[in-house]
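Protein chains in written order, with my numbering: chain A, 1 to 146; chain B, 1 to 123.
Any given hint could turn out to be false.
[Claimed, not checked] Take a look, some chain A residues computed to stay more than 12 angstroms from chain B by CB distance:
| no. | residue |
| --- | --- |
| 1 | Q30 |
| 2 | N60 |
| 3 | D90 |
[Claimed, not checked] Cβ pair distances, simulated, as ranges:
| no. | chain 1 | residue 1 | chain 2 | residue 2 | range |
| --- | --- | --- | --- | --- | --- |
| 4 | B | W51 | A | T40 | 27 to 37 angstroms |
| 5 | B | Y26 | A | Y38 | 13 to 23 angstroms |
| 6 | B | E31 | A | L127 | 34 to 44 angstroms |
| 7 | A | F11 | B | V7 | 14 to 24 angstroms |
| 8 | A | G91 | B | W51 | 38 to 48 angstroms |
| 9 | B | F14 | A | I112 | 40 to 50 angstroms |
| 10 | A | N52 | B | R84 | 46 to 56 angstroms |
| 11 | B | F77 | A | S89 | 10 to 20 angstroms |
Since the hints were made in silico from the structure, they are not lab data. Heads up, the beta-carbon is just placed ideally off N, CA and C, and yes, glycines get one too.
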Amino acid sequence: MTNRLRIGHLFGQPGFYISQPGDDVNAPTQALALDTRYETMDIHHYGRRRYNRQVISSLNTTFFTSFGEEEFPALGYEPMYMFTTVRVSDGNWVRYPLGIYSTGTAFPQNFIFELRGNRIWTTFEILNTSAPVYDFVYVIFKNRWV
Amino acid sequence: MADRVVVGDVGGGFMLRVSKPGYNAYSAPPEGLTFHENMRPLVPAITGYVWVPGGTPNGDNITSGQVTVGLGMGFSFPPKVLVRNSANRISVAAHLNMDNGQLTIFNDTPAAVLARYFVFMPF
């Protein structure tokens with residue numbers, strides 16, 4: 001029977017260590033399933049909200065801009081985050097990666113995203129006159145960014 | 001020497017923690033811990049490979065080649081999806097229908113590419 005769980009010192013660092021099936025945790029030959037020497041992304045807060053829109057007409061172009069502000073429980077430092085948008089016209093659609101345009105679809109572009117303290121501010125543009133509706137979605141992690 | 005690992009009942013509450021060097025595992029803030037009992041990590045739940053056909057030149061543009069794969073579940077909150085082709089270029093993009101879990105991958109190059117997708121579940 002292979003030892004797969006170790007609580008204590010390994011590689012000179014105390015922690016929790018779990019090896020993959022069949023691999024000896026004390027002398028692993030593959031990546032560990034759990035290795036607390038390293039941080040993992042740890043979710044702190046998340047949200048989804050429909051953003052208001054404003055029509056922008058400039059020269060011969062008309063597009064929409066959306067903006068909003070979110071608040072989350074402060075951590076005392078600037079955390080890591082990820083954000084995206086969900087197009088809620090004709091179902092719920094998400095684009096990966098965000099801001100890349102591709103044939104036949106119109107997803108938000110030109111994001112301005114700012115996080116400070118316990119707030120985030122976001123602005124994005126929708127270059128589509130049929131005016132689909134978007135939700136702003138964000139995940140804040142406990143991991144420190146700066 | 002700081003206490004770096006805690007397992008068990010601490011003042012009536014369960015703790016399972018590992019701290020970073022220099023932090024006490026009993027009292028460290030979240031940024032000082034690499035593991036704690038309430039953590040919710042981003043889990044890479046679904047991954048797979050799929051061939052995406054090449055796009056078709058269309059004047060100065062290209063009409064994307066595309067393929068749709070089913071992820072086997074719908075989503076109430078958008079997962080994080082990474083898509084890359086086997087040559088490690090970002091010439092592939094994707095969109096996901098959250099209601100039925102259909103992921104459509106687009107290829108903006110003329111040649112077919114082998115794409116790999118990773119779906120990370122926040123919750």
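### Query
What are the numbers of the hints the structure violates, in ascending order?
3, 8 and 10
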